[in-house]
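Q: So you can see what is in the structure, the chains are spelled out below.
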Amino acid sequence: MADFAAKASDLARRVDGNLVGDDCHIDSMSTLDKAGVGQLSFLSNAKYQKQLPGTQADVVLVTEEFVDLVPNSAIVVADPYLAFAKLSQLFDWRSPIVPGIASSAQIDSSADIDPTAQIAKGAIVGAQVKVAADAYVGPGVVIGEGAIVGESTRLEANVTLYAGVTVGKRCIIHSGAVIGADGFGFAHDGQGWVKIAQAGSVILGDDVEVGSNTTIDRGALSDTLIANGVKLDNQIQIAHNVEIGESTAIAGCTAIAGSTRIGSHCTIAGMSGVTGHLDIADRTHITAMTLVSKSIKESGAYSSGTGVEPHAQWKRNVVRFRQLDDLSQRVKNLEKLVKSLLNKA
Amino acid sequence: MADFAAKASDLARRVDGNLVGDDCHIDSMSTLDKAGVGQLSFLSNAKYQKQLPGTQADVVLVTEEFVDLVPNSAIVVADPYLAFAKLSQLFDWRSPIVPGIASSAQIDSSADIDPTAQIAKGAIVGAQVKVAADAYVGPGVVIGEGAIVGESTRLEANVTLYAGVTVGKRCIIHSGAVIGADGFGFAHDGQGWVKIAQAGSVILGDDVEVGSNTTIDRGALSDTLIANGVKLDNQIQIAHNVEIGESTAIAGCTAIAGSTRIGSHCTIAGMSGVTGHLDIADRTHITAMTLVSKSIKESGAYSSGTGVEPHAQWKRNVVRFRQLDDLSQRVKNLEKLVKSLLNKA
Amino acid sequence: MADFAAKASDLARRVDGNLVGDDCHIDSMSTLDKAGVGQLSFLSNAKYQKQLPGTQADVVLVTEEFVDLVPNSAIVVADPYLAFAKLSQLFDWRSPIVPGIASSAQIDSSADIDPTAQIAKGAIVGAQVKVAADAYVGPGVVIGEGAIVGESTRLEANVTLYAGVTVGKRCIIHSGAVIGADGFGFAHDGQGWVKIAQAGSVILGDDVEVGSNTTIDRGALSDTLIANGVKLDNQIQIAHNVEIGESTAIAGCTAIAGSTRIGSHCTIAGMSGVTGHLDIADRTHITAMTLVSKSIKESGAYSSGTGVEPHAQWKRNVVRFRQLDDLSQRVKNLEKLVKSLLNKA
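Chains as they are written, first to last, in my numbering: chain A, 352 to 696; chain B, 352 to 696; chain C, 352 to 696.
Treat the hints with care, since some could be wrong.
Which copy is meant is left open, so a pair is good if it fits within one copy or across any two.
With a straight-line Cα cutoff of 25 angstroms, these simulated DMTMM-like cross-link-like pairs (lysine to aspartate or glutamate) come out [to be verified]: (1) Lys690 with Asp677; (2) Lys546 with Glu686; (3) Lys401 with Asp630; (4) Lys358 with Asp633; (5) Lys666 with Asp677; (6) Lys385 with Asp373; (7) Lys687 with Asp676; (8) Lys398 with Asp361.
In short, the hints are calculated from the structure, not lab data.
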């Protein structure tokens, strides 16, 4: 795992920040309450302001407003959380890649591997695959025939790319992700299901992150498309011919059914489901465990479901839900009767 | 990836269709609006009828009714979608299998591999495993002791079969699927959980498809059973001792809890959950994200949950859901009062 | 797969039970209705009492109360289900481990592998990894730099441990599980997402079971923590910095969002979702497919959602759900009007 140290003044320069206080060496990051010597922390949420005066962090990223409360050194920036994100990458756990092909990797002779790329132990790379400069193909990864891995992209251990899949630049695909398996398409012949071969592929843009055990299916006749900057958490299921717009972020265990188009700059919280053949507008925000079963034309926040409650109380309410249409009719009827009584009174 | 071309007249013969117009060579398939030279398309949904006169497809699969609208050649069939499904398989992305065992595959000496089967690079095959004729064991696949892989079955890259699992003929198991892991069974000893060894196995029938990262657990005392023709999409969880009937199709991310029996010819949409020890009738259809918590005795369509709505509106309704039983009581009370008023009036 | 036989009297001794009837050899277990010669069964649920007199099992685990109904031999214990669980482990399908490192495994020279551990074919073990005594590292497993695998722990085929992950003693991690991938953390720079490096790790306690294709992400600044005795089913998603307390059991496909703390001795049924930054009390029980979106302070059972119903009926009720707040206002209004009418009457 990578060891790294930097001077606070260097860090300040990287985020266009202003170092207030003594310069020092920083080798890791921590939260305000747990940070100690050699550590950088940050204040981005007013909730943690009370931890600021007592922090042992050598340096804290803060806005101008809070600089006087910082006990040691401060780096003053406009957006401490964003500055923290940028600097965090210096302290990443990943070791720098080591160009070359491990002797236990199995590379088809027709594959085109850039000499600056790393192919780790036990990776299996198929015919006519292209792996671009500075890419990392982790241990146990399998890349099918004709797939393309872009510059500086990382495929972590045990990722599977099916034949013909394209992954853009600077992507991270986490372990167990499967990209390009057959979409779920069948015709019924009256007795059972006849498979529809899935002749499309999957194209991932640049700067896409795909979480562990997420699956993205190949298209039926055209391709499944994931635009630049899309971030997918773990165990997400993207069906065939889905299109996801730029910089949309989707949290864990969400599923998007076939041929649905998700706009750009959307956020979809965890365990939500979007049914097939829908259009979801740009900048739509879906809360956790929502079922989206119709297109959304206006950006905004959307939800479905009911809230958690004690089981005994829930059981009673659930019974009433089944009677809700009936209840509604009864209220309508009461309104009529009361109106007639009021008229008489 | 496979290259393939066929004469339109051959294609017509394969689907008992009637070629109307010139014969020609077809090398791929596309949608009506995107098809071009050398491509086959189809019209199965009236929604796309308006695209028919303008299509550039060299050949279109249509019913008799629409043959006059086809600009180039037509193949007239009773069910264009079914015919498309059948023909699509000729254009599959998979290369034909290459019989033999890759030198980097690790095969136990007691395994019985048919000489017409292909064992790809890095596959690991345990003791007493049987791999039948024309089967394909992909790169990185692990097959545990005593498992059986049927004729013409494909295990795509990085599939795991645990010891003793049986997979029938002509199945496709997609990457990352895990078949035969321990069912989730524990007894509580007052302090914590004591594992119950899972002594059963998993038996998959013929023509079963299992999606990527789907998991099917081994049974506790008897076997988990997946009947012929069952189609499972990605990331489905099938718990121990579940039985799924013939030709049932289940969409992505659905979970079936332990010992539940799903009938034959059912469809279960994505992200649904079926709790344990239930019986679901043949030809039951479950809509997306439904929780099935009791047995279903009559075939038909079933649902649960609420529909998507703007978040602010949803928040108000969710509060009311928690008060629904109370609301119902209040309506009942109003009905009594109004009745008494009506009696007096 | 393991073959095993034991004398009934030995089995009785292992569970502090009392053998009533003849001693005999037992080589497997089964249910009362299916058991035959050489098989052990058990009665723990009154529902199956009627199967007891007719069972062919050579030995049945029962409480004192039912001993007279057992046709062959009985082992009398206080808790037959618990005794069954304990004895079941003798009949596990797993073969005993074979100490040593397979020649096709790739072990970094700086890794420290106990000589009693087994490293199976094709496993890839990174720098400075420690594998303790009697541990099993299955085929195709990848263990990242500096990870630790505790005594007697099993990593089944194709498991991935990222760098720095710690797994305790006597754990079982099932195939396809991914432990230590990056948590889903990003800051927004006004245009798109900036990755926050995930500098924490994952620590699993002792006796933890992790189901197939379950994912547990590494923490952002501190570690994700899974306490002793936690049992996780398949396809569960545990986000960064989650903490799960001792002996909590979680069923398949549930997701826990970032920084949430789940207490000890909880049970969470399948496909539930717990949103981020919550605290869930010890001994909380969540039913299937519940969305927990606020902290739970008192132990007890909790639920959300609605129950399954015929689709046509559900459609009507779902419309009414969207009008629920309005309906509630209308009832309130009716109550006022009726009150005024009653006052006048």
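Q: Now, for every hint given, state plainly whether the structure supports it.
A: Hint check:
Proximity of Lys690 to Asp677 under the C-alpha cut-off of 25 angstroms is found in both arrangements, the shortest distances being 20 angstroms within a copy and 18 angstroms between copies. Proximity of Lys546 and Glu686 under a CA criterion of 25 angstroms is satisfied in neither setting, with 55 angstroms inside one chain copy and 57 angstroms between copies. Taking the shortest Cα distances, Lys401 and Asp630 sit within 25 angstroms of each other only across copies (21 angstroms), while inside one copy they are farther apart (45 angstroms). For a Cα distance limit of 25 angstroms, the shortest separation of Lys358 from Asp633 qualifies neither inside one copy, at 41 angstroms, nor across copies, at 44 angstroms.
In this assembly of identical chains, the alpha carbons of Lys666 and Asp677 lie at most 25 angstroms apart whether taken from the same copy (18 angstroms) or from different copies (13 angstroms). For the homomeric pair Lys385 and Asp373, the shortest alpha-carbon distance inside one copy (21 angstroms) is at most 25 angstroms, but the shortest distance between copies (64 angstroms) is not. In this assembly of identical chains, the alpha carbons of Lys687 and Asp676 lie at most 25 angstroms apart whether taken from the same copy (17 angstroms) or from different copies (20 angstroms). With identical chains, the CA atoms of Lys398 and Asp361 are never at most 25 angstroms apart, being 29 angstroms at best within one copy and 61 angstroms at best between copies.
When held up to the earlier numbered hints, the structure conflicts with 2, 4 and 8 and fits the remainder.
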